[in-house]
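Asks: As they're listed, the protein sequences go chains U and H.
In terms of the numbering used here, the first sequence has 391 at position 305, counting the first letter as 1, and numbering is strictly consecutive.
In terms of the numbering used here, the second sequence has 379 at position 293, counting the first letter as 1, and numbering is strictly consecutive.
Think of the hints as simulated: they come from the structure by calculation, not from any bench.
Don't take every hint at face value.
Since the list can't tell identical chains apart, any single copy or any two copies may satisfy a pair.
DSSO-like mimics (lysine-lysine), calculated; alpha carbons at most 30 Å apart, straight line [claimed, not checked]:
{"#": "1", "residue 1": "K146", "residue 2": "K375"}
{"#": "2", "residue 1": "K146", "residue 2": "K107"}
{"#": "3", "residue 1": "K375", "residue 2": "K95"}
{"#": "4", "residue 1": "K98", "residue 2": "K375"}
{"#": "5", "residue 1": "K231", "residue 2": "K95"}
{"#": "6", "residue 1": "K146", "residue 2": "K476"}
{"#": "7", "residue 1": "K98", "residue 2": "K146"}
{"#": "8", "residue 1": "K476", "residue 2": "K107"}
{"#": "9", "residue 1": "K146", "residue 2": "K436"}
Number of protein chains: 2
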Amino acid sequence: MLRFAERTKGAKRSAIRELLKYTEQPDVISFAGGLPDPATFPLEFLARVAQEEILHNAVKSLQYTTTEGKRPLRQALTRFLAEEGIHATMDQIVITNGSQQGLDLLGRAFLDPGDAVFVSLPTYLGALQAFRAYQPTLVGIPLEKDGMDLEFLRRAIREARRAGHEPKLIYVIPDFQNPTGLTWSEEKRRELLEIAGEEDLLVVEDIPYRWLRYKGEPIPTVASLDREGRVIVLLTFSKILAAGLRVGALVGPQEAVNMVVTLKQGADLCGPSLTQRLAVRFLTEYDLKRHFAFLCQHYRVKLEAMLAALERHMPEEAEWTRPEGGLFVWVTLPEGVDTTKMLERALAHKVAYVPGQPFFADSSGPNTMRLSFALASVEEIEEGIRRLGKVVAEEMAALSLAPRR
Amino acid sequence: MLRFAERTKGAKRSAIRELLKYTEQPDVISFAGGLPDPATFPLEFLARVAQEEILHNAVKSLQYTTTEGKRPLRQALTRFLAEEGIHATMDQIVITNGSQQGLDLLGRAFLDPGDAVFVSLPTYLGALQAFRAYQPTLVGIPLEKDGMDLEFLRRAIREARRAGHEPKLIYVIPDFQNPTGLTWSEEKRRELLEIAGEEDLLVVEDIPYRWLRYKGEPIPTVASLDREGRVIVLLTFSKILAAGLRVGALVGPQEAVNMVVTLKQGADLCGPSLTQRLAVRFLTEYDLKRHFAFLCQHYRVKLEAMLAALERHMPEEAEWTRPEGGLFVWVTLPEGVDTTKMLERALAHKVAYVPGQPFFADSSGPNTMRLSFALASVEEIEEGIRRLGKVVAEEMAALSLAPRR
């Protein structure tokens, strides 16, 4: 009886989100979720300011706000972003429901069916899902240790154009990417901007993990290197304050932000005032330097535990990334292993991960998986990776891909 | 340089929202905004439960939640809705960012360009804006004192179909409509369902003001009279708890809700956990009966003050609705008066309203205006309407439409 719109034809729920239900059984050590550790949320501070805002600032914290988001929050963000070399005025910032709403609004603003969007192989699943709603052609570009294969990107742009797919956006997560944990070199960031300039494209730079660097020196954001106003930045408070507030922001050229605000009016009128006020207080009153140092120390220990455990327990045919920050390690198993099929064996051994395939726009990567070290304790990480090593060895044996240890 | 999508061509910001900036000068008595009175927000309760949730329930209140929204909230809503005769399971409910996001997701799920959506003349501006993003044909149906002109609706559906516009949705606000304050009779609610059945259409029933009835007996919701699963209900906590939480819900047939959840995943992943937890606590712990009685008493006094002041101060050529609830009174001035033009005179007299034209899908109604009695005090209402009476009289005189008093 229901006659849905044409655009819903290909709509399907994230396989991963459906999978997560199974991975959350008790006794299962899960590396599956992409969640930050609630132990990092500043509870006392949030409880105090929430109470203050509600009792003494209700007209600001409990009434409707503007579509673009609270002024003091956008003002505080101009200063916060300036420290990352991103110089935007308050009017170039719109507050979004996490960075996910930013992705959706970009799709709505820029993508006609068939337009080409360039993403790395693999990339953040939620971005694929957001863009797909607008029926673009998603073009996958191989991801190397220091960023996209940019020669491949140049060719892909030309080919897309020849095939009648208008190139519009290049989507990147240059710092500690989800799902691989990889970080772009400064050289590639600069070359990316050159390509965007030559081809007249916009770069969408998603920086949710920017503040979670556990070693090495920060590399300038793509936006800070941009001289032509081609970069739209997406950020979120999910990993640096608390995920459940769903406060994010989209920052970009004035004309793009104006359009996004216009479209957001129809989409949700405005976001919640209360959570925006909590974010304002966090940015203006909390000791951010100390908080970020605490976050980094907290996750660094877990990342090191996971890398050490992988070294100890994985068959030597397995490869994995060694990120300098973020929440994820990316594992590549020998060809022939299918991590989606292997998940059943993993769950039988009471360990869970996310199969890598859904992160590939071209559905490649069946032998890959994403491990999050954020939620498990150091002890659980050691035990979970021990179990996972066994699962991989068993799976390889079952496929007659005898592991070498 | 920016190449926006085709769908953005007609996108424009709400004229009203832009206007509101001017109406919020000090000294202006404003009947313009559609905001609830913050004096009705239960601050002590919200402050206490916010603190409790953050300190003692952080994994539930500050971590990501599911796309469809928190289980306990959906569970509490099944009971809350049952009292309005709406019997839905938890899985037939999805939590949205206000009811506005529900409108957007319905457009996304159901509307192909050119599809026909039937709305009353006038109707809620935000609905027009949400639907327009999906490029439908909006068909305006005259609104009578007891609901849409249903003979007109029947003809309009047939005509749309003949013209190649597939009829999809009928959008209604049956209780104390925004902007008119009018309420549908039970007879028309039943006939609406008959028509929807005959023509195989969905009815979208938006009930933000349902709990704000100041006199008379409640009339059954359209959804409660539905036997065929044709009604999708939108509700919001904005007017009964606090607008700045942005918690709303969409309730409907399982298949429709499943699609909406799938699409919402790409749109925003999930809403804020904290505000949803506050809504759960409100529904399960607060004395709702007493709270709603308090709301009704609070607004009843203001509505009566406004109706009495209109009687005293308006030229007799003016007509207005006499709502039994909600937040708005709708005024119709003699033909020839243009309330958009008149606004300048009103601001000079330090009083503000919203011109009615943007609420009409066909841009008719230049001589209408919406007055909200929610924010002003009884004294301000008397003084503001006195000023407005003068404004109208002056405007009519200037147009040589001499007022009779």
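Asks: Compare the structure with each hint and give your call.
Replies: Now for the hints, and whether the structure bears them out:
1. K146 with K375: For K146 and K375, both the intra-copy (27 Å) and inter-copy (27 Å) Cα distances are at most 30 Å.
2. K146 with K107: between (37 Å within a copy, 16 Å between copies)
3. K375 with K95: The answer is neither: 47 Å in one copy and 44 Å across copies each exceed 30 Å.
4. K98 with K375: Answer is neither; intra-copy 41 Å and inter-copy 41 Å both fail.
5. K231 with K95: neither (36 Å within a copy, 41 Å between copies)
6. K146 with K476: Cα proximity of K146 and K476: none, with 55 Å in one copy and 33 Å across.
7. K98 with K146: So K98 and K146 pass the 30 Å test across copies only (26 Å; inside, 38 Å).
8. K476 with K107: within (23 Å within a copy, 64 Å between copies)
9. K146 with K436: between (47 Å within a copy, 24 Å between copies)
Hint compliance for this structure: hints 3, 4, 5, 6 are not met, and every other hint is.
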